[in-house]
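> Sequence:
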Amino acid sequence: MKHSAGRTSTQDQTHDGFRESVIITRHHLQSVKTVAGKRGSVTGFTGAIELSLSKIALEDLEYVQLFMALGRLAPYCGTGHKTTFGLGQTRLGWSSATTEAPPSTLQNLLAQRIAALTEHFLTQRKRTGGERAMAIAETWATVLARRELGESLRDIATDLGLPYETAKTYAKLARKAAETVSHSA
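Position in the sequence shown (from 1) plus 1456 gives the number in the working numbering.
Keep in mind that the hints were calculated from the coordinates and are not lab data. These numbers come from a predicted model, not from an experiment. The beta-carbon is built from N, C-alpha and C at its ideal position, and this holds for glycine as well.
Here are the simulated DSSO-like cross-link-like pairs (lysine-lysine), alpha carbons at most 30 Å apart as the crow flies:
#1 LYS1624 - LYS1582
#2 LYS1582 - LYS1632
#3 LYS1582 - LYS1628
Label-pair distances were calculated between CB atoms; the ranges are:
#4 ALA1504 - LYS1632: 40 to 46 Å
#5 GLY1527 - LEU1562: 32 to 38 Å
#6 LEU1548 - GLU1607: 39 to 45 Å
#7 TYR1532 - LEU1629: 43 to 49 Å
#8 SER1608 - HIS1483: 40 to 46 Å
#9 GLN1568 - GLU1635: 18 to 24 Å
#10 LEU1514 - THR1561: 40 to 46 Å
#11 GLU1506 - PRO1619: 46 to 52 Å
#12 THR1561 - PHE1474: 32 to 38 Å
#13 ALA1572 - ALA1530: 33 to 39 Å
#14 ILE1479 - THR1625: 52 to 58 Å
#15 SER1508 - LYS1632: 55 to 61 Å
#16 ILE1480 - GLU1515: 19 to 25 Å
#17 THR1579 - HIS1483: 30 to 36 Å
The whole structure should be built from the sequences, with the hints applied where relevant.
What follows is the structure in structure tokens.
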């Protein structure tokens, strides 16, 4: 329960209020795959949105002040749930610069290779449903992609929290599975 200027409201009421009175007036969004630490990749987005208030909301001075305060506070709050991977950023004001895909850095190429290998390994599995199949495919892909870049198996095993022998086995299995696609193509 929150108290504000003599009014009491729950968090749900506040969220409902924003849903009814905040309008997206302009937006531009684009998906970007990026390396998430050393464990794999995640898909995030870049872009911009412009928000405004409905006519009814503009008549409530306290509500306008709250909206403006939240807008000014947003850049300091690390918006988004993937900010630990460097994907969250909030700025005030509309950027007229067009958002382009980031240049192909080694990290981006690694993320793309992990994603491609993961997809390939998933298609080879007999049971593709569930989290286990995805976790195995992602781990194999991460081990193989990082190995292809010349990283030591010991470093990869340490980063992924795997025993060295397990990482070595995964590298062999992944390499063999990846070769089947290059020979059949």
